[in-house]
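**Student:** Construct the entire structure; sequences and hints are all you get.
There are 2 protein chains.
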Amino acid sequence: MAKRNLYLDTKPVDEADALYRAALQQVLHIQYETIPVSEALNRVTRHAAYAKYCSPLFNASAMDGIAVIAERTESASEAQPVLLKEKADYIPVDTGDPIHPPYNAVIMAEDLVETEDGVLIIASAAPWQHVRPIGEDIVAGEMILPGNHKIRPIDVGVLLSAGITEIEVVKKPAVAIFPTGTEIIEPEQEPGEGSIIESNSRMFENMVTEAGGTAHRFPPIIDDYEQIRNSIDRAVDEYDMVIVNAGSSAGTEDYTVHVLRELGQVLVHGVAIKPGKPVILAIVRGKPVIGLPGYPVSAYIGFENFVEPVLTMMTKAPAKRRETVQAHLSKRLVSSLKHKEYVRVKVGKVGDKMVAAPLARGAGAAMSLVRADGFCVIEQNSEGAEAGSQVQVELYRDKEAVENTVVIIGSHDLILDVAADMMPDKSRGMFISSTHVGSMGGLMALKRKEAHLAPIHLLDEATGEYNISYIKRLFGTEKMALIKGVGRTQGILVKKGNPLNIKGIQDLTGCRYVNRQRGAGTRILLDYQLKQLGIDPTEINGYQREAATHMAVAAAVSDDGADAGMGILSAAKAMDLDFIPVGPEEYDFAVPQEYLELPHIKAFIEILKSEEFHQRLNQLGGYTFERAGENERI
Amino acid sequence: MAKRNLYLDTKPVDEADALYRAALQQVLHIQYETIPVSEALNRVTRHAAYAKYCSPLFNASAMDGIAVIAERTESASEAQPVLLKEKADYIPVDTGDPIHPPYNAVIMAEDLVETEDGVLIIASAAPWQHVRPIGEDIVAGEMILPGNHKIRPIDVGVLLSAGITEIEVVKKPAVAIFPTGTEIIEPEQEPGEGSIIESNSRMFENMVTEAGGTAHRFPPIIDDYEQIRNSIDRAVDEYDMVIVNAGSSAGTEDYTVHVLRELGQVLVHGVAIKPGKPVILAIVRGKPVIGLPGYPVSAYIGFENFVEPVLTMMTKAPAKRRETVQAHLSKRLVSSLKHKEYVRVKVGKVGDKMVAAPLARGAGAAMSLVRADGFCVIEQNSEGAEAGSQVQVELYRDKEAVENTVVIIGSHDLILDVAADMMPDKSRGMFISSTHVGSMGGLMALKRKEAHLAPIHLLDEATGEYNISYIKRLFGTEKMALIKGVGRTQGILVKKGNPLNIKGIQDLTGCRYVNRQRGAGTRILLDYQLKQLGIDPTEINGYQREAATHMAVAAAVSDDGADAGMGILSAAKAMDLDFIPVGPEEYDFAVPQEYLELPHIKAFIEILKSEEFHQRLNQLGGYTFERAGENERI
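So the protein lines, in turn, are chains A and B. 9 is the number of the first residue of the first sequence in our numbering; add one for each residue after it. 9 is the number of the first residue of the second sequence in our numbering; add one for each residue after it.
Accuracy of the hints is not assured; some may be wrong.
[To be verified] Calculated cross-link-like contacts (lysine-lysine; reagent style DSSO-like; alpha-carbon spacing at most 27 Å):
hint : chain 1 : residue 1 : chain 2 : residue 2
1    : A       : 504       : B       : 60
2    : B       : 179       : A       : 434
3    : B       : 503       : B       : 610
Read the hints as simulated data drawn from the structure, not as lab findings. As the structure is a prediction and not an experimental result, all values here were calculated from the model.
**Tutor:** Written as C-alpha cells, this is what we have:
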C-alpha cells in the first residue's frame, strides 16, 4: 500500500496560534487605502481624524424667534415692557440661522407680543441666551476619531459634518480560497458514484466576508502536486492570504504540506484540537497560507481558531467575542488529554437553570453546527465533565432567544421540525429546539429537569394504553401532564416496489435489517411484536445495527446496505420508500404541570391546535390529530 | 411673523411605535426573492429548507484502510491471523470512498500487516465499523433550516452539501432617503454664510445597510412644498420605505407633515422622546414614510426608535439588542415627565463598580454620540436619577473594551486625545476615555471613585507649587500619587494679528472676553492674576460667558463673537490664533496608589514616557515633558 505522512507534531491550540501569529507579526505588512467617508462603514481608521470645520460653523440661533442686542433689553419687565423694532433692534431668526454682531442673544417666538410698531418683550435677555456658539459640538482641529477605530454610522455623519470627506483605512485583506480533491464536485453538478459536494469553500467565503476580508474562491483543483503548487504560488503573489482545503491531512494524496514546504515555511502541521487536527500553518513569501481539513466541522473550527485571528491582525478590527453562559451538562462528556475539544451543544433554559445538551461529536456532523446554540470547550488538560456539572458555553445564538426556546428531548418525529418552522413566525422571538434520544431518554431528561417536553410513544404491553403508565411509573407523585400530540402509523420501510416481498414482522428474519437505538419507542414496539411472534432478536440480521432517527433508518434502506427497518410513514414518503403498516400508535408530549403556563409552551400548544399545522401534517401523510394540543393532568 | 404649526400630540414612545407598527401590519407586503445560496449570507429564509441529497451521499469509509466483508474476518485473532487478498477479500479505501456490498466494514491501515500474499489481520471487524452510513449527517427530505432563519456561513455550507443551490429569502427593503432644507450643502461643497453641512442622510444610509435594507439617498431638496411632495410621491411608487429629513418640526418652513397629510395618512406627529420629538410616522399607499428631525442626535435616536423596528418587520431579521449593564451614575440627572430621555454616557470600570458619566445632552451634540459608550434611558414616568444611584445602561461598545478603559475625568488638554489615539495601537484591547469637567471636578470624581485619573493644573497661591497641595487637602490620609504629565504655557488667545493689541491680563478689561467654567484650572489662574493686578472680575466684559474646553474658547475667539480668552498654546495653533503667553504651568495626573498597578494604567504611563508621544507633543507645540510618566507618592 502507498505510504502515508506522519504528523511531525500536534501542537496545543494556543501554542500553535501564538507561534504562528508571532512569526506573521515579523513579516505582515498592513495595507491602507484612502476611501470616501460615505463608504467607510465598518472600516478601521489608520490615523486619528481631526475636524476641518467647526460645527456649528457659526454662532447660530438655537430657537425660532428674534436676535437681539442683550444690553438693549436690560430694562424690560412685566411692568415696563420694552418695544423692539425690526432691523433697528432685532432681526427675525429661525433655528440654525447665524447670529452676527451686534446681535448676541435670541428671544423665543413664544415670549414675544407682536404689535403694529414692533414686538414687546417683558423680560431681559441674558447675553448669549439661546445661541449655539460656534464649535459647540465640534471645534476645528479637534480629534473626532482615534486611529484603529472601526467606523460606525454615527461616525460617518460626524466626519462629514466636520468637513472630512475622505479617510485612510485599513485595506480589506484579499483572501484566495482553493478547494482541492479529485472526488469533489460543485454543488450545481449532479453527484455521481463517490462524489462529494464541495461546500467548505463557500462557507469560507462567507466567513472571510464576516471577518472583514474580500474572498476570491477558485474552482476545485484535483489532487495533483504540480497543479496545487502552481496555483498557490501564483495566488501568493496576487492575494494577501491563501486558504487550501483540504489535503491538509496525512493521507497518500495529501500534497498540501509538501507543496508548502517547497514554497515557504511550514510552522505547524497538526494541532491538538478536535475536530480539526490536520491544520497547516505556513508562511510563503511573507503571506499567511493555511491548510484546513476537509470535514465540515473541522474546517469550521480550524477557520475560527487559525484563520480568523490572522484576519483580525490584518484588518485591525476588534476580535469577535461570543457571549458565554454557565450551563448544566445534560450528559457525561469524556474527552482525551490529547486535544482541546469543541463540543457542539444545544442550550435551553429549563426552570431557572441553563442546560447544555451535547450534539453529535463527529467531524463530519455539519448539522451539529447548524443545530447547535454554542460550543462547550473541553480544554486539553481536562478529561471531560460529568453529567450535571457546570460547564461554560460560548453561545452563538442570542441569549434571549435561548431563554425563549421550548426544549424538547425525546422521540423523533418529523412534526417537530414542522412545529419548529412555524414557531418563530407565529410567536415572534420564540423558538423550538428538539434533540432525539428516544422516548425513554426523553423521560429521563424531563426527570433531570433538562427539557420542558418529552415526546414519547410508549406502549404499555399490559394495558395496551400509550404513554400515561410510563409517566406515572417514572414520576410517581410529581405533578405531570400529557399534551396530546398525533396518532401515526408505525410500519416497515422497504425499498420501492418491495423487492423482497416483505409482508410483516415475521419476514424480517430473511433480510438485512436496520434497527433503532435502545430506548426508542420504535425498538420497544419491535421487541414487543417479536415477542408476540416468538422470534428471537438474534435471528434478525442487523438487529445490532442502530440508527438514531426515522429518517436515518429510511436513508439506510434507500441505500443498498439494508433491506428493511421500522419507522413512520412520513419518513418513508420523504425518502420515496414503500411502507408496510404494522399498527397505529400515539405520539404525545410528557410535561411537568408547572411548565404549562410558560408563554413559549402555550405558544407550542397553540401550534399543535392550529389549522396550518394540521394542513402540513396532511401533506406529510399518515397522521391523525383530533386531540392535538389537549392536555390531561396525570 | 409667519405662523407656525403646533404638534397635534406628543405620544409616548411605546404607544407611537405600537400604533404605527399595528397599522403597518395591516398594509405591509413582505416581499421575497429566490437567490443563489452562495450569496444568501445574513438573509432570512422564507420557508423551511429540506435536503435534496443525503450527506454522505453513500455509505463511506471513515478511515484510510481496506474495505472488508465483516463475516470473513470473524476468526481473526493474534494467535490465528487471517490473510486477506486484494479484490477477493478486500479493496483498499481512503477516507470518504464509497463502501458497496458485499463490503460492510473498514479496517484501519494502522491495523494491517502487509505481506507478499496479501494483508494479515489479527482482530475481527464488526459489521459497519469505520463506515459512515449514508445520511449520517443529513438525510434527504430532512429539514435543514426553518423558515424565518437568518443564514450564517455554516448554513451556506450545509445547504450546498444537501444539494440546495437556490433559496427563497426576504427581499431587502429598498429605502429612499431625502435630505431637505434650503440652507444645507453637501459635505464636498465649501461652506458659505449660514450653510449647514448635510450629513444625516449619509448616516441613515449606513444605518439602513446595517439593518439589512438597501439605501438610496437622493440629492437635497430645498424647502418647497411642491418639490417635496413630488419627490415623496414618486419615491413611494419605487421604494419600500421613504425617510424625509428634516422639516419634520413645527417651524414655518416645515412642510413634510402637510405633504404627508395630502399624500396619505399621518399617524403620529410628535413623540415624547428627547432628543427626537419632531418625528412624523405616516403611511402613504401602504408604504411607511417617516419624517425625522434635523439635529443629528435627534435624527439618530429617531431612526433607532422608529425606522429600525419597521425595517425589522420588513426584513424579518431578529431585532438588534444591546448588552446592558448596571452602573453608578456620576452626577444627578434631572429629566422631565414630558418625555423619555436618551442620555449619552461614558462608562468605565473603576475599582469593582461600573460608572456612567453623562455627556452633553443637547440634540445638536453629535460628538456625544461618537464619544458615548452607551445610553442611559430615563423613562417618561421618571424625573431622573440621583448621583451615585444605580442606573441601567444600554452599551454600544463591547463590555470587555469598557472594562479595559482608563477613565480620565478632569481638566482638558489636547494631549489626552493623542494618548487615546496611541493606546489601542500600543496595547491591543485597551482604551482611554476622557471627560472634561475642569481640575477641581476631576479631583471630586476621583474622590467619589468614578475615575482612575484626574488631570489637573492647580496652582497653590501660597507656595507657587502645582497640584500636590490640592490633592493633600482633599484626600487627607488616602494613599495618593501624582503621575507627572507635561509642562505647558497658559496665555491669552486673540485673533490672528492681535487687532486689539492685547499685551496681557491688564488689557482684558477693554475687550469681549470668553471665560472657562467654574473649577477649571485656567479660570483659577485668571482669578489669581486678576487679584494680583487688583482688577475686579466684573470689569471684564464676558467674564460670565463660559466655554468648557480650551478648544471651545479658541473657537469663540476665532469667530467675531469674542476677542480674547485664556487657554493653551496648542489650542491657539489648532485654530490659527495668536497667543500671548501668561506663564508656564504643570499639567499632571492625580491617581490613587492602588490603581498604579492596573495593566491599563501602566500602559498609559508607558505612553507618557514614549518617544512617539514626545514627538507628537512637539508637533502640537508648547509642551515640555522631561518628567512625563514619573510618579510621586503623596
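**Student:** Hint by hint, say whether it matches the structure.
**Tutor:** Do the hints match the structure? See the list:
no., hint, result
1, A:504 <-> B:60, "holds, 18 Å"
2, B:179 <-> A:434, "holds, 20 Å"
3, B:503 <-> B:610, "violated, 40 Å"
Of the hints listed earlier, the one the structure fails to meet is number 3.
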